[in-house]
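Those protein sequences? They're chains A and B, same order as listed. Here the first sequence is numbered in full-length UniProt numbering, starting from 1 and rising by one per residue. Here the second sequence is numbered in full-length UniProt numbering, starting from 1 and rising by one per residue.
Keep in mind that a hint or two might mislead.
[What the hints assert, rightly or not] Incomplete in silico selection of chain B near chain A, CB under 10 Å:
1) P108
2) Y121
3) R150
Since the hints were made in silico from the structure, they are not lab data. For every residue, glycine included, the Cβ atom is placed at its ideal position computed from N, Cα and C.
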Amino acid sequence: MDTILGINPVALFGQLLVGLINGSFYALLSLGLAIIFGLLRIINFAQGALYMIGAFLAWLGLEYWGLSYGWALLIVPLVVGLFGILIERFLIRPIAHEDHLYSLLLTFGVALVLQGVFSHVFGSSGKPYSIPEFLQGVANLGFMYLPIYRGWIIVVSLLVCFGTWWAIEKTKLGAYLRAGTENARLLQAFGINVPLMVTLTFGFGVALAGLAGVLAAPIYSVSPDMGANLLIVVFAIVVIGGMGSIGGAIITGISMGVIEGLTKYFYPEASNTIIFMVMVVVLLIKPAGLFGKEV
Amino acid sequence: MKAQGNEKLRVSDLHAFYGESHILHGIDLHVNQGELVTLLGRNGSGRSTTLKAIMNMVGRRSGSININGTETMGLAAHRIAHLGIGFCPEERGIFSSLNVEENLLLPPAVRSDGMSLDEIYQMFPNLYERRTSQGTRLSGGEQQMLALARILRTGANILLLDEITEGLAPVIVKKLGEVLIQLKRKNLTILLVEQNFHFAAPIADRHYVMEHGRIVEEVQQAELSAKTELLNTLLGV
Ligand SMILES: Nc1ncnc2c1ncn2[C@@H]1O[C@H](COP(=O)(O)OP(=O)(O)O)[C@@H](O)[C@H]1O
Ligand SMILES: [Mg+2]
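So that you can see chain A by itself, here it is in the shape it has in the complex:
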């Protein structure tokens, strides 16, 4: 293939695509974290483990229960969300009046337990999950070949991220969430069942991780540590974006994926660390994060 000004467009677009896909996962996971943080003021360390469970449930569903990919995409997030609701209701809420540090450590413990259980039961080797038939194949975009499933990931995550953003910014339910994020106590004094809202919000944020897990199953190998690896990067992204805004979480997630992809092309040696370098720079210049509110 020709190079233009020393740039190989096929390889560059290829890395950009990888970056967009990673960015889609970053966006879904950090969006869930941001929503949960808004109301509960804790960073949910179990988000990665729940993403892993999402992928495993998709795999288990296909292997043992004949659950097709399409159904998994609908059902698994619900199941993971329900699981999250149980975690919030029976583990987090009883200690919610204590320092938030305890809840945060609790979610960290939950993550380790879940990861341990899945390693014990399923072993640590990756499980294969084939791309569903209707999403197989490659599309010729003219300037590059796009594997359909990769395009699908990007489209689905963008739709879900944008839909969530819209629901939070433009609907009545979203107004409750925004108000609760600012002053939960006053919102409750107005007659809104804030404890219930907290539980459902946690469930929704966690369901996003479950959805990301299902989307990931066909392209990353399904293994117990898949979430832990991803979550470290997502935390860096959350630090970069700041916890202040829903839109900020989405934009930061996608753009960090793209920056990572570009780095893979221009300077592959730095591709694993570029996000952490950005994090350090952001922390030095704007400690609250790019979209965070200074306190």
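Got chain A sorted already, so can you dock chain B with the ligands onto it with the hints?
Okay, now just chain B with the ligands, sitting in the frame of chain A:
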């Protein structure tokens, strides 16, 4: 004392705590239907805490709080408003991530006969003009009107208002006074926290004076002139 059936709010032997600090030491007060009663006192005397305790927004409480005939000590915080009570906090509590109209529509209706959006905008034309602005972009006076309008829309017939005139220009204070008169005409029941009695003196039916988390004096409208000196001493004016 008036008949029990007339009573919209009764607080008996109310104690309240923030963590280990014991803030309220046995508050007794009541407000009858259609009455406007003030809760006066110096800064830190416990007036805001009394209102927050009624709304179940403080840490630990004991005693009894009866709202519209229902004992509320065992009720979760989000159940209180639905008994027909609206709270306007001292810091106004306008949400910055909501625009003016979203702020206005935020609290759910708690009774069926609340003011409509049209009536609200008629009463506060400024809010209509600024309905798409971010809530906290409003001037202090407009924010105060928004905080008040917000609970009028819910249909609450008992209003807890915390220092609504604090730091506002005289013309706005006058407007708020007129609004209170209209609300009184509608037979709403109002417990109004103020620093001193001058704002509410012409319209209030009774005054309670607080000091160190206790009610130390109750003054009827008719006794006001006779007790002015005592009040000035208590309130440090
Ligand atoms: N959140 C809080 N935590 C601890 N103490 C508080 C808190 N809010 C108020 N207090 C204390 O409670 C007392 C009464 O305060 P407050 O009810 O706000 O008085 P007022 O409204 O009459 O000015 C004061 O001594 C104040 O320092
Ligand atoms: Mg006060």
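Out of the numbered hints, which ones does the structure contradict? Checked against the structure, the only hint that fails is number 2, while the rest are satisfied.
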